[in-house]
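A.B. asks: Starting from the given sequences, assemble the full structure and let the hints guide the process.
There are 2 protein chains.
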Amino acid sequence: MGKKMGDQTIAFLNKPRIVGNYSIVGKKEGCGPFKDYFHYILKDDLFGESSFEHAERKMLEQAIGCSIKNAGMNINDVDLIVGGDLLNQIISTSFTARYFDRPFLGIYGACSTMAESLAIGATFVDGKYLNNVVCATGTHFSTAERQYRFPLELGNQRPPTSQWTVTGAGSTVLRLADEGHMITKATLGKVTDYGIKDANNMGAAMAPAAMSTLISHFKDTKTSPDDYDLILTGDLGKLGSEILMDLMEHNGYKLGKNYNDCGQMMYNNNQKTFQGGSGCGCSAAIFNSFILKKLDEGVYKNVLYAATGALLSTLSTQQGDSIPGICHAVVIERDSKVGE
Amino acid sequence: MGKKMGDQTIAFLNKPRIVGNYSIVGKKEGCGPFKDYFHYILKDDLFGESSFEHAERKMLEQAIGCSIKNAGMNINDVDLIVGGDLLNQIISTSFTARYFDRPFLGIYGACSTMAESLAIGATFVDGKYLNNVVCATGTHFSTAERQYRFPLELGNQRPPTSQWTVTGAGSTVLRLADEGHMITKATLGKVTDYGIKDANNMGAAMAPAAMSTLISHFKDTKTSPDDYDLILTGDLGKLGSEILMDLMEHNGYKLGKNYNDCGQMMYNNNQKTFQGGSGCGCSAAIFNSFILKKLDEGVYKNVLYAATGALLSTLSTQQGDSIPGICHAVVIERDSKVGE
Numbered sequence: 032m033g034k035k036m037g038d039q040t041i042a043f044l045n046k047p048r049i050v051g052n053y054s055i056v057g058k059k060e061g062c063g064p065f066k067d068y069f070h071y072i073l074k075d076d077l078f079g080e081s082s083f084e085h086a087e088r089k090m091l092e093q094a095i096g097c098s099i100k101n102a103g104m105n106i107n108d109v110d111l112i113v114g115g116d117l118l119n120q121i122i123s124t125s126f127t128a129r130y131f132d133r134p135f136l137g138i139y140g141a142c143s144t145m146a147e148s149l150a151i152g153a154t155f156v157d158g159k160y161l162n163n164v165v166c167a168t169g170t171h172f173s174t175a176e177r178q179y180r181f182p183l184e185l186g187n188q189r190p191p192t193s194q195w196t197v198t199g200a201g202s203t204v205l206r207l208a209d210e211g212h213m214i215t216k217a218t219l220g221k222v223t224d225y226g227i228k229d230a231n232n233m234g235a236a237m238a239p240a241a242m243s244t245l246i247s248h249f250k251d252t253k254t255s256p257d258d259y260d261l262i263l264t265g266d267l268g269k270l271g272s273e274i275l276m277d278l279m280e281h282n283g284y285k286l287g288k289n290y291n292d293c294g295q296m297m298y299n300n301n302q303k304t305f306q307g308g309s310g311c312g313c314s315a316a317i318f319n320s321f322i323l324k325k326l327d328e329g330v331y332k333n334v335l336y337a338a339t340g341a342l343l344s345t346l347s348t349q350q351g352d353s354i355p356g357i358c359h360a361v362v363i364e365r366d367s368k369v370g371e
Numbered sequence: 032m033g034k035k036m037g038d039q040t041i042a043f044l045n046k047p048r049i050v051g052n053y054s055i056v057g058k059k060e061g062c063g064p065f066k067d068y069f070h071y072i073l074k075d076d077l078f079g080e081s082s083f084e085h086a087e088r089k090m091l092e093q094a095i096g097c098s099i100k101n102a103g104m105n106i107n108d109v110d111l112i113v114g115g116d117l118l119n120q121i122i123s124t125s126f127t128a129r130y131f132d133r134p135f136l137g138i139y140g141a142c143s144t145m146a147e148s149l150a151i152g153a154t155f156v157d158g159k160y161l162n163n164v165v166c167a168t169g170t171h172f173s174t175a176e177r178q179y180r181f182p183l184e185l186g187n188q189r190p191p192t193s194q195w196t197v198t199g200a201g202s203t204v205l206r207l208a209d210e211g212h213m214i215t216k217a218t219l220g221k222v223t224d225y226g227i228k229d230a231n232n233m234g235a236a237m238a239p240a241a242m243s244t245l246i247s248h249f250k251d252t253k254t255s256p257d258d259y260d261l262i263l264t265g266d267l268g269k270l271g272s273e274i275l276m277d278l279m280e281h282n283g284y285k286l287g288k289n290y291n292d293c294g295q296m297m298y299n300n301n302q303k304t305f306q307g308g309s310g311c312g313c314s315a316a317i318f319n320s321f322i323l324k325k326l327d328e329g330v331y332k333n334v335l336y337a338a339t340g341a342l343l344s345t346l347s348t349q350q351g352d353s354i355p356g357i358c359h360a361v362v363i364e365r366d367s368k369v370g371e
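Going line by line, the protein sequences match chains A and B.
If you count by the numbering used here, then the first sequence holds residues 32 to 371, one letter each, in order.
If you count by the numbering used here, then the second sequence holds residues 32 to 371, one letter each, in order.
I should point out that these hints are in silico values taken from the structure, not numbers from a laboratory.
There's no promise every hint is true.
Note that the list lumps identical chains together, so a pair holds whenever it fits in one copy or between two copies.
Stated by the list, open to error - Below, simulated DMTMM-like cross-link-like pairs (lysine to aspartate or glutamate); rule was C-alpha separation at most 25 angstroms, straight line: (1) Lys285 to Glu364; (2) Lys250 to Asp108; (3) Lys159 to Asp38; (4) Lys324 to Glu280; (5) Lys159 to Glu364; (6) Lys100 to Glu328; (7) Lys368 to Asp229; (8) Lys368 to Asp67; (9) Lys34 to Asp132; (10) Lys34 to Asp209; (11) Lys159 to Asp209.
On a predicted model such as this, the values are computed, not experimentally measured, just so you know.
C.D. replies: Printed below as a string of structure tokens:
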């Protein structure tokens with residue numbers, strides 16, 4: 032049973048549990064700081080497929096399939112798969128869902144998709160509409176580059192404000208259970224637009240959305256940044272994270288050492304990704320590996336995971352529109368029984 | 032509070048009510064059989080905008096805004112807008128949501144979007160997570176043609192199996208209330224693929240998904256086609272509807288005179304649309320005008336609305352993939368107090 036808190040937040044009183052998770056990333060991501068946390072690292076980014084698009088599907092298939100296995104379930108136990116991706120008409124997730132032959136709700140929140148799927152999935156589970164819900168998303172550097180920017184073959188130079196779309200996928204299984212970290216709240220984001228038009232500066236476009244959702248969350252739940260062991264934005268990257276910290280400070284909220292950003296975290300400095308990682312797969316892979324592991328270990332007791340998305344298309348950019356952003360946030364609380 | 036029924040269906044025990052609705056269509060649709068039912072008919076398809084894409088947004092904006100007004104609310108009462116559209120990265124709905132500045136969940140179910148948004152919206156309302164949820168979608172013939180097929184300026188010949196993407200939008204407001212037709216059940220669809228590869232024959236690609244969801248619905252709810260005053264598929268068109276009736280009959284279910292399809296219904300025979308209408312806006316506009324009006328009048332007491340979507344992209348077609356389909360269904364029961 033749910034409860035509305037303030038303007039944009041809902042509380043899940045039955046506290047859906049995370050009972051399974053899986054992360055898979057590409058070769059480059061597997062050379063970054065979290066290489067020991069990901070469940071699987073591709074040897075090459077085609078993953079044995081004939082196209083990068085098919086490789087993206089295969090990553091999602093493995094992430095969903097293995098998260099279900101890790102939850103001790105089989106596919107027939109799954110009541111719903113909810114997810115999406117960055118490709119036009121979310122073909123990666125739709126085609127992957129076809130393989131599993133279970134009910135599917137397609138969503139699109141750009142790089143906020145992991146948090147959006149957790150918010151929707153938690154609602155179905157918390158309200159006892161469904162028992163087992165899988166939340167998943169993924170991206171591939173090479174499919175995103177050729178769809179949003181240029182074919183890789185052109186060898187275009189990347190501007191210093193750009194981010195690197197993560198090759199990776201993550202999947203989380205939710206259920207009402209006696210054990211598992213809990214999704215206790217979700218803050219549903221508004222579309223926010225500060226008029227940024229540079230499609231190579233996503234961090235700047237998304238930072239205002241992150242600010243909007245974080246401030247609403249703190250107001251709705253009567254909490255402050257200090258109440259969380261970790262506040263984790265999706266993929267603002269280095270520049271975007273700095274903009275967010277500035278914007279928050281101007282509004283009277285100081286994001287301190289407990290703040291980090293998945294885009295900023297994903298790669299080592301010598302990996303030449305400029306502002307860091309981006310794409311649905313970025314925070315999906317880090318959330319479903321490092322973050323849940325640190326909750327297991329008790330390093331974090333509660334995490335505010337706020338994934339951010341830039342809601343542009345190549346056409347909206349060509350038509351001169353600015354880039355709106357959105358940010359959905361979920362709170363994950365540690366189950367102290369896990370990892371003991 | 033919810034209840035899972037069988038394999039794919041959920042029952043909404045608090046019965047969310049339809050408290051506001053609005054439909055808007057293009058000039059061609061306004062010359063069809065439902066011209067007296069739509070709330071607004073465009074005088075020209077650019078709707079005073081500089082591009083068809085901006086016209087699509089403006090239709091959605093009017094549909095959402097007026098449905099909120101029809102519900103006797105103002106925008107600040109809205110807890111959530113849930114919707115999507117056919118354009119890449121669902122820019123029409125995202126940009127429209129920006130205008131309203133309320134929480135937004137973007138979804139993608141191709142032409143099944145209206146039913147998908149009603150299923151998700153009803154869950155949030157039924158479980159008392161949120162009070163007022165707006166469900167909306169729309170499409171525009173001229174934006175869909177140039178994205179999925181050819182620029183209109185080329186004047187390409189249309190094959191006889193093709194459908195005509197409807198210029199139109201629809202919006203529904205849900206709330207727990209004492210009055211209003213009720214959403215009582217939702218059957219969440221599986222992605223179904225019979226290997227159809229002809230992107231000009233969407234009806235054939237989507238009919239198996241409609242069959243899958245309808246049969247699951249009847250089994251889950253222990254009902255038969257005769258239990259509904261109207262079984263309404265989204266936009267299979269004429270050919271797709273015939274295929275569905277055949278498929279159902281082979282499985283022991285006879286769809287009789289209480290079956291119809293929004294694609295088949297949208298245009299008059301002399302309007303040269305071949306198999307009829309398609310696009311999210313097709314069933315969204317008919318549902319939010321004619322269907323709700325006939326529920327008001329008591330012509331229908333219960334309606335099984337099963338919207339169908341084809342989950343292809345231009346890229347999946349170019350890479351030789353087949354066209355998976357999906358179908359989500361919701362049951363609407365008449366409130367006999369309405370219209371009296």
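A.B. asks: Please go over all the hints and tell whether each is borne out by the structure.
C.D. replies: Checked hints:
Taking the closest pair of Cα atoms, lysine 285 and glutamate 364 come within 25 angstroms of each other only inside a single copy of the chain (22 angstroms); across copies the shortest separation is 51 angstroms, beyond that limit. Proximity of lysine 250 to aspartate 108 under the C-alpha cut-off of 25 angstroms is restricted to the inter-copy arrangement: shortest distance 18 angstroms between copies versus 38 angstroms within a copy. In this homomeric assembly, lysine 159 and aspartate 38 come within 25 angstroms of each other (Cα to Cα) both inside a single copy, at 24 angstroms, and across copies, at 14 angstroms. For a Cα distance limit of 25 angstroms, the shortest separation of lysine 324 from glutamate 280 qualifies neither inside one copy, at 30 angstroms, nor across copies, at 52 angstroms.
In this assembly of identical chains, lysine 159 and glutamate 364 lie within 25 angstroms of each other by CA distance both inside one copy and across copies; the values are 20 angstroms within and 22 angstroms between. For a Cα distance limit of 25 angstroms, the shortest separation of lysine 100 from glutamate 328 inside one copy, 22 angstroms, qualifies, whereas the shortest one across copies, 51 angstroms, does not. Proximity of lysine 368 and aspartate 229 under a CA criterion of 25 angstroms is satisfied in neither setting, with 47 angstroms inside one chain copy and 53 angstroms between copies. Taking identical chains as interchangeable, the C-alpha atoms of lysine 368 and aspartate 67 lie at most 25 angstroms apart only when both belong to the same chain, with a minimum of 23 angstroms there against 63 angstroms between chains.
In this homomeric assembly, lysine 34 and aspartate 132 come within 25 angstroms of each other (Cα to Cα) only across copies, at 22 angstroms, whereas the closest approach inside a single copy is 33 angstroms. When the C-alpha separation of lysine 34 and aspartate 209 is checked against a cutoff of 25 angstroms, the pair qualifies both within a copy, at 21 angstroms, and between copies, at 20 angstroms. Within a single copy, lysine 159 and aspartate 209 get their C-alpha atoms as close as 15 angstroms, and across copies as close as 24 angstroms, so both meet the 25 angstroms cut-off.
Comparing the model with each numbered hint stated earlier shows that hints 4, 7 do not hold.
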